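Once you've looked at the hints, dock chains R and U against the given chain F.
Protein chains in written order, with this note's numbering: chain F, 1 to 547; chain R, 1001 to 1273; chain U, 2001 to 2324.
Keep in mind the hints are simulated off the structure, nothing from the lab.
Values in this document were obtained by computation on a predicted structure and should not be read as measured data.
Each hint should be verified, as a subset may be incorrect.
[What the hints assert, rightly or not] Taking beta-carbon pairs under 10 Å as the criterion, some of the chain U residues facing chain R (in silico):
| id | residue |
| --- | --- |
| 1 | P2014 |
| 2 | G2018 |
| 3 | M2144 |
| 4 | I2152 |
| 5 | V2159 |
| 6 | P2257 |
| 7 | G2258 |
| 8 | I2260 |
| 9 | V2280 |
| 10 | S2282 |
| 11 | T2302 |
| 12 | L2303 |
[Stated by the list, open to error] Straight-line alpha carbon distances no greater than 27 Å define the calculated BS3-like cross-link-like pairs of lysine-lysine that follow:
| id | chain 1 | residue 1 | chain 2 | residue 2 |
| --- | --- | --- | --- | --- |
| 13 | F | K517 | F | K280 |
| 14 | R | K1101 | U | K2007 |
| 15 | U | K2121 | R | K1008 |
| 16 | F | K298 | F | K405 |
From the three backbone atoms N, C-alpha and C, an ideal C-beta is built for every residue, glycine too.
What follows is the residue order along each chain.
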Amino acid sequence: MKRPRSLLQSSYLFFANVRRPLCIGAVFLFFLASYAHAGDAPSYGDAFVSASIGDARTLVPVLASDSASGSIVGLVFNGLVKYDKDIKLVGDLAKSWEIKNGGLTIIFHLRDNVRWHDGVKFTAEDVKFTYEKLIDPVVPTPYSGDFKKIKRLEIIDDYTIKVVYKEIFSPGLASWGMAIMPEHLLRNEDLLTTDFSRHPIGTGPYRFKRWRSGDRIDLVSNHDYFEHRPYIDRYIYRIIPDPTTMFLELQTESVDSMGLSPLQYKRLTDTSFFKQRFQKFKYPAFGYTYMGYNLKDKRFADKRVRQAINYAVDKEEIIDGVLFGLGRVCTGPFVPESWAYNKDVKATPYDTDKARELLSEAGWIDSDKDGWLDKDGEIFEFTILTNQGNGQRKQTAEIIQRRLKDVGIRVKIRVLEWAVFLKEFIDKRRFEAVLLGWGLSRDPDCYDIWHSSKTKEGEFNFVGYANSDIDWLLEAGRSTFDIEKRKNAYHVIHQILYDEQPYLFLYVGDALPVVHKRFRGVEAAPIGIGYNFIDWYAPKAEQRYRQ
Amino acid sequence: MKDLIKNKLALFGASTILVMIIIALLAPLTATHDPSAINIEDALTGPCRTHLFGTDALGRDIYSRMVYATRVALSIGFIAVGIAALLGLFLGSLAGYYGGKVDGIIMRFADIMLCFPAFFLMLSVIAVVGPSIFNIMIVIGLTSWMGMARLIRAEILSLKSRDFVSASKALGASDGYIILRHLIPNGIAPVLVSFVFGVAGAILTEAGLSFLGLGVQPPDPSWGNMIMDGKAVMGVGWWVILFPGLAILITVLAFNLLGEGLNDVFNPRLKRQ
Amino acid sequence: MIGYILKRILNLIPVFIGITLISFAVIHLAPGKPTDLMMEMNPKADYEAQERLDEIFGLDRPLHVQYLTWLKKILVLDFGISFVDGRPVLKKIAERMPVTILINVLALIIIISVAVPIGVKSAVARGGLFDKASTIFVFAGFAMPSFWLALILMSFFSVRLGWFPVSGITSLDFENFSIFGKIFDIAHHLVLPLIVASIGGLAGFSRYMRQSMLGVLEEDYIRTARAKGLDESTVIYGHALKNALLPIVTILGLSIPGLISGSVIFESIFNIPGMGRLMVESVFTRDYNTVMAGLVLSALLTLLGNLIADLTYFYIDPRIKAGG
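Chain F extracted, bound-state conformation (with noise of 0.2 Å):
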């Protein structure tokens, strides 16, 4: 399922998130590094600090939609599922699962070794608790999509669960990353007031131990985690909102991860005391950056226009200028690194005589030769509108603006705060052009962004896009386990989507972030470097915090 979301959020996590399939920020890393010393046993101890510009603000899982909370989330509690470095769905709290009845039904086997933090057993009650929270339509939850496409869900034993859905919907085994709760505690309990939001309890690697709001969270490990005991002892999640002064602490050692800009990765890392002191890791972000036509829009409507605009937009000079090159140019509705990415979608050049051509068959010419394109006495002008506080989606539009009017279209910016933008520009459809992200989920399922049937107001498909050939492929993706069905149907998504340019695909941006190398056993995967953090551990001789 997608998780639309601000791609604002996404860059300074980079692994809590990946027990949680329906959060995860970022995959693969191309940077293989090998600094585990060889002959060093791992040693308990230690704190990790890691750092967030907000706070949490609900550690309830199926309340939890920032970032800040996903992490900790991550950390203290477990799903049925989750992927492993190979972004491959293993088990988690189950141990297995079975696919029946053509994909309708699932039956998952759970761990019959796991407690909650408070000694409590965990069992396939817990898992039915999570699921009816997930459905009840009091609970405010953003992740109840993917669980209305149950049927229903039935106790086996107490450890055996069976879910069955109401069509077959391959995207259903991975939303089982979702963290599950525990009944014994929540049953009785109000999920938007309880207290629990700020002392969870659950079954993960981490303890929740405290959290000073506005200041910092601490975690400690969990010695009976069912995995094994993690080798870091606390965990420690600093909320630094200014950017700058996160830096300046990851400068004086006092935070030992964050995620970088790519001005930081390019200019002010590269000091002798920084390279001895940390690990720099870059992998490509699960998202791309894009612009957005509406399609109601008669201008827009014309299929020459939008493809004259992509070879008027130099994907390129975006990078360069905004990325510091640190990302990589945008071809379709998939990041390179998913199975449903189609290498052969090659992205157009950058070509401003063919785009000029293609406007003129489209009846754009500059008849009165004042350099701006025209057509029936109406000059060619619209507005892109973007969201406050991203620099680089600012900048992005600058750039635009810049070479649309070499083409002879003449382009105003608007940025707008986040909550005006969507309800009173995006839901209501009032915008010619907008320039978004989305941040995808491993599995390539984007029936909300581009089916003609999620046209509605507060839906995804805002640019209005409708194919009916797009319609039946996405169907048919979402309707079947079977891999190589699923990745016939995508390729030919991506060229579709591509060739039909409803979004102008802009670039796909790299993840950047920063380890203290005491840390040993940080490993790159194509899922990123967190999912193995239980693993991780610093030297005795190494380590700067007692417990």
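Okay, now just chains R and U, sitting in the frame of chain F:
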């Protein structure tokens, strides 16, 4: 005026402001580069002959941006405080002249506004209406008229019983005429002082708003947003934040010294000496 | 005396109502509802859930009803629950308020103990070198954007020299420290924030002190004292200073809003979990209840400060007593 010239600090303030105004007015001539021309290859060049104060992370010329930012700073300062002064003069003279209920209501309103930390109010509003130069001016104006209203009210209270006011009244002059022609001109001095201090305050306020991302938005340069943009790269380029900060410091200092000088000149008690 | 106090307190009622009105109006200017923001991530926008949220927060009712309900509640100090995390707003503020008050009180003490001597000295030697130098110094302090100064202090004293922590108010091992260790730890963290918080306030207080002192030195009783042949320091520190300090009491009350405004900046940059940062966070997340509570409470704080200042002034000023 002579007193003012004798006061060296005030003189320094006044001449600095004058220079700033000239720079701002002649920005296209005084700037050496296009302030928003992005040039990635030149990014973060230190101060040199072509780039007097160096370049920022996008290779834009800091000196030229500062020149244009002077325009922004002064216009925010003067217009915002101008709005505050108009409001203050209007409400303050109504209160002072009519007294009674009008006075009670207006001054109570001023008291209420004075209770709020102005910055809280500004940020609550700007976060919602969006941070344009125009909005910033209005919001600063709306939250800083109270002092001036109080000052003009006090002046009018002491002036209104004077002979020339009763004479005017006897001659059939309207209230508006009396307020505009007699009372305000005679009582304007303290408001003027407050105006000068107010400009300094408004420039600092814009910087503060910039820190929260609610100041003037790029590509329009303001000293505040230049520091804000620059702080991310201050590790490699000290000049990126140093110069805009100094510009704020010097300008605000200049307005304060001038204000202080005017204060000395206008303060009757000290004049006696 | 009691009559005066009563009158002052009665006067506060309309002011209080005005404060609540403005706080309410400011935040309701915004198009859209805060619950929109809570639902923004939800692809299958659950209208039932949205409606329930609106109901919980009373957003489905007309504005004036919302205002009156809210007003009634805050009279018994019920500021409702936060839109962001569902916790009682008062609890959130109570967590954040102490550190803001601590820093502002300390800053005020620093400001007064530096500004008063500066003001007195420059009044006594008016126009002299000290007067001029101190004028430039205090105004330069005022003229520096506080976050700029903070950045410079942080990169020099914390990163380059390593003398102070960059940000925060406690070390990671704070809980294990002895009581003195804890006090030292907090003090260590507060040095730079206090410098930033105080330096801007010096100008106002020292200039006011200077004016006040100049005024007092002109008074007849000072002339008399001088004429009696008392030595200059007795005149200045024995007689003049006491009287010149009186108006400072009034300014203390008036300076509260300014100090709280300043907290927004230095708490954000030094990462101090106080009231100022809570306000910024709440504004950005459209947490109406918290923003309104923050506005009302900080305005009330000022009101209270002013009241105390007035009463103190009334109590200690012989002239008012004799006259009133």
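- Query: Should the interface hint for P2257(U) be scored as holding, given a Cβ-Cβ cut-off of 10 Å against chain R?
  - Reply: OK, holds: P2257(U) within 10 Å of chain R, min 4 Å.
- Item | Evaluation of the interface hint that places V2159(U) against chain R, nearest CB under 10 Å | The hint holds - V2159(U) has a Cβ within 10 Å of chain R, the shortest such distance being about 8 Å.
- Return the status of the interface hint for V2280(U): holds when the least beta-carbon distance to chain R is below 10 Å, violated otherwise. 6 Å, holds
- Under 10 Å, Cβ to Cβ, is where G2258(U) needs to be relative to chain R, so tell me if that hint holds or is violated. G2258(U) check passes; min Cβ-Cβ to chain R is 7 Å, inside 10 Å.
- Holds or violated: K1101(R) to K2007(U), with C-alpha atoms at most 27 Å apart: 18 Å, holds
- Against chain R, run the beta carbon of T2302(U) and see if the smallest gap drops under 10 Å. 4 Å, holds
- Query: Against chain R, is I2152(U) within 10 Å by beta-carbon distance?
  - Reply: With Cβ-Cβ at 8 Å, under 10 Å, it holds.
- Query: Is the hinted pair K2121(U) and K1008(R) satisfied, with a Cα-Cα distance of at most 27 Å?
  - Reply: Holds: K2121(U) and K1008(R) sit about 20 Å apart, inside 27 Å.
- Using Cβ atoms only, decide whether P2014(U) comes closer than 10 Å to chain R, and label the hint accordingly. Status holds, d = 6 Å.
- Item | Holds or violated: K517(F) to K280(F), with C-alpha atoms at most 27 Å apart | 9 Å, holds
- Item | Holds or violated: K298(F) to K405(F), with C-alpha atoms at most 27 Å apart | 20 Å, holds
- Any CB of chain R closer than 10 Å to the CB of L2303(U)? The hint holds - L2303(U) has a Cβ within 10 Å of chain R, the shortest such distance being about 5 Å.
Hint compliance for this structure: every hint is met.
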